[in-house]
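Student: This is what each chain is made of:
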Amino acid sequence: MKKTVAILLSILLITALFTGCGAGPKQTVTLKVWGSQEDQAMLTKMVDEFKAANKGKSYDITFGVVSEADAKTKVLEDPSAAADVFAFANDQIKDLVNAGALYEITRNKEKITSENMEGSIEASTVDGKLYAYPETADNGYFMYYDKSVFSADDVKSLDKMLEVANAKGKKVFMDVSNGWYIASFFLGAGGTLTVGEDGNQKCDFNNDNGVKAGEAIKAFTADPAFLTGDDAVLKGGIGGEIAAGVSGTWNAEDIKSILGDNYAATKLPTFTLGSEQVQMGSFAGYKLVGISSQTKFPVDAMDLGEWLTNEKNQITRFETRAMGPSNKKAASSDAVKANVALAALAEQNQFATSQKDVLGTYWAPAEAFGTAMEAKDYSKPIKEMLDTMVSQIEGK
Amino acid sequence: MQYIDYVTLPWYKKIVVRLTKAAKNLGHNFVALISKIGKFLISAFTGIVGGIKYFFSTFWKGDIRTKLSYLFMGSGCLLRGQIVRGLAFLALQMFYIVYMVSFGWGQLKLFPTLGTATKKEIWDEVNQIYLYEQGDNSMLILLFSVLTIAISIVMFYLYFRNIRMAYENQQLLKAGKKLNTIVDDAREFLDKKLHVTFLSLPTLGVIFFTALPLIFMILIAFTNYDKNHQPPGSLFTWVGLENFRNILSGRDVLATTFKGVLAWTIIWAIFATFSNYILGMLLALMINKKGIKFKSMWRTIFVITIAVPQFVTLLLMSRLLDDRGAVNILLGYLGMGPVKFLTDAAIARVTVIVVNIWVGVPYTMLITTGILMNIPAELYESARIDGAGPYKTFTKITLPYMLFVTTPYLITQFVSNINNFNVIFLLSGGNPLALDYYQAGKTDLLVTWLYKLTVNYQDYNLASTIGIMIFVISAAASLIVYNSSSSAKKEGMFQ
Amino acid sequence: MRMGMKKRGSVANTIIYIILSVLSVLWILPILWLVITSFRAELGAWTPYILPKEYTINNYTRLFTDTALFNYPRWFMNTLVVAVFSCIITTILNLMTSYTLSRLRFKARKAILNIGLILGMFPGFMAMIAVYFLLKAIGLTQSLVALVLVYSAGAGLSYYIAKGFFDTIPKSLDEAATIDGATQNMVFWKVILPLSKPIVIYSTLMAFMAPWLDFIFVSVIMKDNYNNYTVALGLWQMLTRENIYQYFTQFCAGAVLISIPITLLFIKMQKYYVEGVTAGGVKG
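Protein chains in written order, with the working numbering: chain A, 9 to 404; chain B, 10 to 504; chain C, 212 to 495.
The set of hints was computed from the structure by calculation and includes no laboratory data. Incorrect hints may appear among the rest.
Heads up, simulated DMTMM-like pairs for lysine to aspartate or glutamate below, C-alpha to C-alpha not over 20 Å straight-line [unchecked claim]:
{"#": "1", "chain 1": "A", "residue 1": "Lys384", "chain 2": "B", "residue 2": "Asp445"}
{"#": "2", "chain 1": "A", "residue 1": "Lys117", "chain 2": "B", "residue 2": "Glu130"}
{"#": "3", "chain 1": "A", "residue 1": "Lys119", "chain 2": "B", "residue 2": "Glu134"}
{"#": "4", "chain 1": "A", "residue 1": "Lys226", "chain 2": "A", "residue 2": "Asp385"}
{"#": "5", "chain 1": "A", "residue 1": "Lys384", "chain 2": "B", "residue 2": "Asp200"}
{"#": "6", "chain 1": "C", "residue 1": "Lys382", "chain 2": "B", "residue 2": "Asp200"}
{"#": "7", "chain 1": "B", "residue 1": "Lys128", "chain 2": "A", "residue 2": "Asp385"}
{"#": "8", "chain 1": "A", "residue 1": "Lys304", "chain 2": "B", "residue 2": "Glu390"}
{"#": "9", "chain 1": "C", "residue 1": "Lys347", "chain 2": "A", "residue 2": "Asp385"}
{"#": "10", "chain 1": "B", "residue 1": "Lys268", "chain 2": "B", "residue 2": "Glu251"}
{"#": "11", "chain 1": "A", "residue 1": "Lys210", "chain 2": "B", "residue 2": "Glu134"}
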């Protein structure tokens, strides 16, 4: 029944479109937008402006609360119940496209690609097709630090930081038992994550450099000044016991208010790989806005999606929620450049790797390796552990 | 053996008696179960053959009104004056036809392939977009096929009832008897057929919200519904027994993980069940001991922990027991190093069992309180006369009596601990993760592993295969035990 | 001799008092910590010290005043409504099923008992997605009605305890009533039910508590419909990465508030709970 209805509807839609839709009476466009709970007020404002800018049409736009992190789960549970326009984190794009949940973006494609940063467009593209509008370019991580403990010189190398921290009885925080953060070492050592021809993850974190990175992780986690934990531990301890911590922009406001005048942020430090100093890498993540492939009003949904992510609204996002823009012009504004956290992120982004080729199988084994390191479980040589990790990641 | 003979045996003989009895029962019950299934199959087969015979012979013997009911359901009632019954049958038939034509058949047709048509794209030059024509969705086809088959089976049964009723009516009238009026029917359904009235709603609920979804999930174990086959983008299809092969032997990692997690699940279930049971009982004994004051206050203290929602207390516990949590801070004040309550595999396993004691003991305390009061006072009296101390009284009287009486309770506890999702998921999340496991950690139970596979990785086929295995293990065990337990056998004793 | 006995008894009692006190502390401490945290003025899910530096009741007042992000009062009412309706329906269905399976004799009885036992063993949430689509097919998703339906639909499977209870009521009562001309239906309502206070209360209590505790099923059914969330799911939302720092103490306050009514109910109904579960769940 549903299928017939769907086919009938799409036929109706096609005929309506081909016969020219301006002729009939004004049709109400119903759309639903998903965003996170904290964004609701801002989204409402943006949508009101969208309605005002398109006076010729009658809209009925509603909102639902689904955060960027949960979007994939909620969409895949029932793609036909997904919002017409929804925000999601860019590491979900492959699964969403695979499930046929995203509408290919073809309207104004040129404009969108030229206005946004290359990395953000790359993150919105699968197999050469654009599937989403870049919304922010801040879903990465860098390092916060306490200026009263570390000088701007100290934070350039991890070794120096640990030395200073040990001397002053402070801690350096990094959640090593987390696939996202632990990748810094491997990526810094030149490791790569790619997708093989069979659609499985390919990973070389167990080559010679990878093993050296593994040794560096082992040394870091064994250092007395090393501290791990989740966001709660970082925010509970920074300014006190914790003098520096690796995290992302979502903590910026809280950490700023805790540290006050001592608040500072910068790119990740360098670490010792074998005998040389190398810069730590990171994952660059983006938040994107996608259009549901099952929307009844694709044209309007795309217009709204584009509206929500245009230069003006990216600036609004920055001003109200301190989110880093992916729009080139918005990102180069003085206000954005003056934002400590975003500046640090931009600095780190030169060494960042796109997260779009990271598949679901990567996270658990990487976390397992990190957990073993934190637990100082040295029962097996690093090389052997990394071999196991890589074979798990590659889904063998 | 009478209970009183059993109690007087020395402890080691008691164990021997229990073990031999259990072994005997196990073998016996297994055989009984198999033969029951066999008997059921035979009776089902003869039933079907008999039904077919009845179907044709009745058509032959029936009058025109009976014959008409082969085509239009309810004719045999309607044309003989049972208007409501007849109309109800007719309405059902109409509903079924409309359902099948408009919806059911379309689903059933695709059931063998689970759909082949994916989304089609048509370029729309005016708006510069693709127009999508939605294709099939394997999951919905599977689900609604199951629904359609279920409805068809019910319909088939009703159709048969309709024929039988028509023929019975014919016979009754022939014998000069009166047919039941609607009032008679109503009376019957409140008296002799009360079980039909009382069970129909609950059964409907169970069929739609438990049985159908269950069959759907079982069928998914025979498909390739995994992260690479997510409808409607990419459809899935039947793959036979491949998932079972993969889990049991195929992919090394999967087999290792399954074995490891299964072993821990069983160890967990044993410890979780018995630790709660024994400690809960001891607690109840202490509170109920003669001479202990403020009984209800003690009880209330423990009951409060039941009333705070489990997801809150367990989340708090996981915060408290964190590497840097309050407990470790406290240990730090006392000069002791941090204990890796939840991050070291071996310690984490102990931690979850201990926390489970915290969660579960108040329940067992409440339950055993009641039973302890039921222990015949003569038993204690005679023990006292024989000069038995409290320890002896406990091991000789209380414990054996409790074990004797609460076996069925223990079994249900054991099964529910195998499926104890909350404690593990909220407390440790299955962590610490293990490098040699596939997407699982050292404290993961089969259920939590299965949850991770579906929610995080969309591996529905694997999850469903594991689900079936959990199900087979616990169902077989508890069917055998339940049918042999005293509770089932003696249910008529009091009546 | 008598003196000795008495002395030994009092020593034993002292030891028991000590053990009970220690255990009580162990059991109460986490709850106490919850209560203390709910009054903590400093934000965050983790502090490097144990006792708060400052106390406030803001966490409680904000639950009711600051409803733009988390509409606690509304969720509380939702849960209450769902709990009341589902516990009425569940209790009635549950008692009818148990009564039928315990005291009425009919052909399929044994089979139903076994099937019911088996069905209850499949990990429930595996079926959630299927339940969601079935609800969707009848147009009921994202509503409180759907929740009531889902929570009550399983009533037919939880007959075990209540059936055990009914088994213990002497059959002669029914027979006497039947001889006086009562139908089976009247026997249930007029004879058996009045005798079943403990099990009625036990069933009601269990059914009433379920909606306060579940957060997984609700999230599948409610999806993005924030206004129809229940308290458990709403509180769960306070713990996401973006919210946990700001809302952890409010989460504790919210949890304390749901615990109070349930605790009071439980303390009040404890006696019946014990009677019901003892008579029904475990008997020789």
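Student: Hint by hint, note whether the structure agrees.
Tutor: Now for the hints, and whether the structure bears them out:
no.: 1; hint: Lys384(A) - Asp445(B); result: 17 Å, holds
no.: 2; hint: Lys117(A) - Glu130(B); result: 18 Å, holds
no.: 3; hint: Lys119(A) - Glu134(B); result: 18 Å, holds
no.: 4; hint: Lys226(A) - Asp385(A); result: 10 Å, holds
no.: 5; hint: Lys384(A) - Asp200(B); result: 71 Å, violated
no.: 6; hint: Lys382(C) - Asp200(B); result: 16 Å, holds
no.: 7; hint: Lys128(B) - Asp385(A); result: 50 Å, violated
no.: 8; hint: Lys304(A) - Glu390(B); result: 80 Å, violated
no.: 9; hint: Lys347(C) - Asp385(A); result: 49 Å, violated
no.: 10; hint: Lys268(B) - Glu251(B); result: 18 Å, holds
no.: 11; hint: Lys210(A) - Glu134(B); result: 39 Å, violated
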